[in-house]
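Sequences are here, hints too, so could you generate the full structure?
Going line by line, the protein sequences match chains W and B.
Mapping of the first sequence onto our numbering: residues 1 to 107, in sequence order.
Mapping of the second sequence onto our numbering: residues 1 to 114, in sequence order.
To be clear, the hints were calculated from the coordinates, so they are not data collected in a lab.
Yeah, the Cβ is synthetic: ideal placement off N, Cα and C, and Gly gets one too.
One side only, chain W facing chain B, incomplete, derived with CB under 8 Å:
{"id": "1", "residue": "GLY41"}
{"id": "2", "residue": "GLY42"}
{"id": "3", "residue": "ILE43"}
{"id": "4", "residue": "MET48"}
{"id": "5", "residue": "GLY98"}
Mimicking EDC-like on lysine to aspartate or glutamate, the simulated pairs with C-alpha atoms at most 16 Å apart in a straight line are:
{"id": "6", "chain 1": "W", "residue 1": "LYS53", "chain 2": "W", "residue 2": "GLU67"}
{"id": "7", "chain 1": "W", "residue 1": "LYS94", "chain 2": "B", "residue 2": "ASP101"}
{"id": "8", "chain 1": "W", "residue 1": "LYS94", "chain 2": "B", "residue 2": "ASP56"}
{"id": "9", "chain 1": "W", "residue 1": "LYS94", "chain 2": "B", "residue 2": "GLU30"}
{"id": "10", "chain 1": "B", "residue 1": "LYS9", "chain 2": "B", "residue 2": "GLU107"}
Here are some chain B residues pointing at chain W (derived, C-beta under 8 Å):
{"id": "11", "residue": "LEU43"}
{"id": "12", "residue": "GLY100"}
{"id": "13", "residue": "GLY108"}
Below are the chains, spelled out letter by letter.
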Amino acid sequence: KNEVEQSPQNLTAQEGEFITINCSYSVGISALHWLQQHPGGGIVSLFMLSSGKKKHGRLIATINIQEKHSSLHITASHPRDSAVYICEAGTASKLTFGTGTRLQVTL
Amino acid sequence: NAGVTQTPKFQVLKTGQSMTLQCAQDMNHEYMSWYRQDPGMGLRLIHYSVGAGITDQGEVPNGYNVSRSTTEDFPLRLLSAAPSQTSVYFCASSASNLRGDTIYFGEGSWLTVV
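Written out as structure tokens, the structure reads:
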């Protein structure tokens with residue numbers, strides 16, 4: 001069974017700080033997803049990664065398939081980035097999610 | 001383009017009652033799935049479908065039933081509700097069951113069983 005672990009579980013940062021959230025998984029996969037869940041509950045897809053790095057605005061996601069590890073970075077964090085960030089690293093039919101990292105960005 | 005539509009958003013049930021959570025997508029996606037989200041736990045797969053007429057069990061299928069008679073719809077049925085089924089439920093879809101497709105989620109259904 002694939003285990004997906006995220007760290008840290010909770011993170012508090014001040015506005016403007018650089019943030020890193022980590023995801024490790026135990027089974028070889030071909031692609032990984034990063035998701036964002038806002039306090040209202042809605043979940044949106046941020047990135048799908050199969051190799052290297054992707055950037056979208058202030059968000060950067062990297063993956064190392066050999067080391068079974070991915071990171072999500074937020075540059076110049078802002079209070080509106082406050083959310084739960086979820087890593088997904090499952091097999092073709094069975095998505096497997098981490099428990100999420102709760103991020104709080106304060107002024 | 002509505003994406004993934006999930007209803008109801010909130011529901012309170014009495015133990016033993018049955019109900020159906022509706023999920024519909026208008027993106028012609030083959031892959032649809034249902035998850036429950038409980039405090040301190042990641043989203044856990046209940047059932048999934050890789051196309052009309054095909055369904056399979058996920059990690060926590062007991063007490064739930066699904067069907068996929070059309071590409072668009074994937075309802076989740078609670079057969080006899082139990083307090084342990086109090087949770088937030090999410091429906092999701094993607095173009096295929098292959099890795100690399102964007103996952104689209106419904107807005108969630110908050111279910112309380114008393």
